[in-house]
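J.: Mind docking chain A with the ligands on chain R? Use the hints.
Protein chains in written order, with my numbering: chain R, 4 to 238; chain A, 112 to 345.
Do not take every clue at face value.
[Stated by the list, open to error] Here are some chain A residues pointing at chain R (derived, C-beta under 10 Å):
1) R135
2) W261
3) R342
[Unchecked claim] Some but not every residue of chain A turned toward chain R, in silico, with C-beta under 7 Å:
4) Y241
5) S247
6) L248
7) S250
8) S251
Hints in this document: simulated from the structure, not taken from any laboratory. Ideal Cβ placement from N, Cα and C applies to all residues, glycine included.
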Amino acid sequence: MHGLPSPLPLSVQGLGFTAGGVRVLDGVTFALRDGPPCLVVGPNGSGKSTLLRLLHGLLRPTEGAVRWSAPARQAMLFQRPVMLRRSVGDNLAHALSLAGIGRDERPARIAAALDAVGLPHLHDRPARRLSGGEQQRVALARAIALHPAILFLDEPSASLDPAATRAVEEIVAGIAARGTKVVMTTHDLHQARRLAGEVLMLHRGRVAEHAPAAEFFTCPRSPEAQAFLRGDILE
Amino acid sequence: MPGLSEAFGLALGLVLAGDAALTRIVALSLRVSLTAVLVAAALGLPLGALLAVARFPGRQTVIVALNALMGLPPVVAGLLIYLLLSRSGPLGSWGLLFTPTAMVVAQAVLITPIVAALARQVLESMWEDYAEQLRSLGSSALRAVPTLLWDGRIALLTVLLAGFGRASAEVGAVMIVGGNIEGFTRVMTTAIALETSKGDLPLALALGMVLMAIVLTVNAAAQLLREWAARRLG
Ligand SMILES: Nc1ncnc2c1ncn2[C@@H]1O[C@H](COP(=O)(O)OP(=O)(O)OP(=O)(O)O)[C@@H](O)[C@H]1O
Ligand SMILES: [Mg+2]
Numbered sequence: 004m005h006g007l008p009s010p011l012p013l014s015v016q017g018l019g020f021t022a023g024g025v026r027v028l029d030g031v032t033f034a035l036r037d038g039p040p041c042l043v044v045g046p047n048g049s050g051k052s053t054l055l056r057l058l059h060g061l062l063r064p065t066e067g068a069v070r071w072s073a074p075a076r077q078a079m080l081f082q083r084p085v086m087l088r089r090s091v092g093d094n095l096a097h098a099l100s101l102a103g104i105g106r107d108e109r110p111a112r113i114a115a116a117l118d119a120v121g122l123p124h125l126h127d128r129p130a131r132r133l134s135g136g137e138q139q140r141v142a143l144a145r146a147i148a149l150h151p152a153i154l155f156l157d158e159p160s161a162s163l164d165p166a167a168t169r170a171v172e173e174i175v176a177g178i179a180a181r182g183t184k185v186v187m188t189t190h191d192l193h194q195a196r197r198l199a200g201e202v203l204m205l206h207r208g209r210v211a212e213h214a215p216a217a218e219f220f221t222c223p224r225s226p227e228a229q230a231f232l233r234g235d236i237l238e
Numbered sequence: 112m113p114g115l116s117e118a119f120g121l122a123l124g125l126v127l128a129g130d131a132a133l134t135r136i137v138a139l140s141l142r143v144s145l146t147a148v149l150v151a152a153a154l155g156l157p158l159g160a161l162l163a164v165a166r167f168p169g170r171q172t173v174i175v176a177l178n179a180l181m182g183l184p185p186v187v188a189g190l191l192i193y194l195l196l197s198r199s200g201p202l203g204s205w206g207l208l209f210t211p212t213a214m215v216v217a218q219a220v221l222i223t224p225i226v227a228a229l230a231r232q233v234l235e236s237m238w239e240d241y242a243e244q245l246r247s248l249g250s251s252a253l254r255a256v257p258t259l260l261w262d263g264r265i266a267l268l269t270v271l272l273a274g275f276g277r278a279s280a281e282v283g284a285v286m287i288v289g290g291n292i293e294g295f296t297r298v299m300t301t302a303i304a305l306e307t308s309k310g311d312l313p314l315a316l317a318l319g320m321v322l323m324a325i326v327l328t329v330n331a332a333a334q335l336l337r338e339w340a341a342r343r344l345g
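If we strip away everything but chain R, and leave its shape as in the complex, we get (with noise of 0.2 Å):
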């Protein structure tokens, strides 16, 4: 994306993380290309937060390694996103400094973003003080005003109306149309069907299946991915 070398493909080479004596993790292989949104699916307590923290580098591997092609900007969409005690409009402005994107370039930026999310008219809120749900959009805004290469997206709609729902999964497949490789995590298989070009299925922190998404919800190879896709209870 903008002409710099593609971060891509990442290479994960038995990637483990333990923590608190909890192997949350454990020879996690797999690797990722340029390409339609890559779904991260599986039960509680899977690892697929502590997967999207590894890749992003907020936490570090206990072993293997996350190998990406080149450097790039990154975003993420945490599962509870943290807003600054300022306005919304300031929550964005600082992450764009932060990013060292210009004073002059950031109103445009912010502006933006918060009409791609559909709350234009939050700009001079105290952030802390919206809903939930609008706390998770103006988190999403903030994430794509980044302009990122990858962006990653911890159930970006777990706290959403249907229509704010619809809303972002169209942001979404707007910002990965327009190059950005975008890893998002979801519990809802039908948002996964609608927005994968494949899916990585997590069971108890081992992948248990990376397809396709064609491949994925019509032939199913592993028994997780199939019990899933069936709904029964895994654990």
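T.: Coordinates of chain A with the ligands only, in the frame set by chain R:
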């Protein structure tokens, strides 16, 4: 010695008339304590913020020491500064003993640990909340210091108000290093102590009323600020 109700009446008269001696004492008290708060803010806020975000060997020791210094008895602080500033002391040549500057130093020494320790507590819990998000956005711990100071501004203002309350109510340290010299280093607390022992209750009571009013106002302001901020900023 006048009766108590008579003393109250005289004291109220002094306050309402804006008595010159009273005004001078109150003005000096405010000047000394506000300057001490400014010094404590300049030193204590960055120190508290650094302790909140930085992880280095000995950090825990510094925090324990700061917390212990919060309880430093004013007379002991006064004594130490007296020894430093007295003629034969290491800083004796500065000629600061028995000046308002010495009193500012004494109060600043007393409240800087309070400001730093309370700021550390406030900002550390804020940092726990912010750290991952800010790191994701590319902020180093050091770069987060101004972010935290700004986002914690209301809480930090109440910390400074607490420091001011403690500084202006303190008597032991300013008595020792200021000397309670009339028209020069006499502040509310030292004047109250002196006038009471001399038996001049009206002036002591008048000063006591003003001091109470100031301390109550400061505490009420802190409370209102906190409530306003909780509503406004979340
Ligand atoms: N630092 C840690 N210390 C101890 N356990 C941890 C730590 N980090 C994660 N875990 C554990 O690892 C497991 C995976 O956590 P993670 O948040 O990655 O799951 P998830 O797949 O995102 O779940 P959810 O669908 O509920 O969001 C959980 O059981 C969690 O308790
Ligand atoms: Mg999660």
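J.: Each hint should be assessed against the structure and marked as holding or not.
T.: Cross-check of the supplied hints:
Taken as an interface hint, R135 (chain A) does not check out: its beta carbon lies about 42 Å from the nearest beta carbon of chain R, beyond 10 Å. At a threshold of 10 Å, the smallest CB-CB gap from W261 (chain A) to chain R is about 8 Å, leaving the interface hint in force. This hint holds: R342 (chain A) has a C-beta 8 Å from the nearest C-beta of chain R, less than the 10 Å allowed. For Y241 (chain A), the interface hint holds, since its Cβ comes within 7 Å of a Cβ in chain R; the closest pair sits about 6 Å apart.
For the restraint placing S247 (chain A) at the interface with chain R, the shortest Cβ-Cβ distance is roughly 5 Å, inside the 7 Å limit, so the hint holds. Given hint, L248 (chain A) at the interface with chain R, holds; its Cβ is 5 Å from that chain's nearest Cβ, closer than 7 Å. Contact between S250 (chain A) and chain R, as hinted, is supported at the beta carbon level, the nearest pair being about 5 Å apart and thus within 7 Å. Hint status for S251 (chain A) relative to chain R: violated, with the closest Cβ pair at about 10 Å, above 7 Å.
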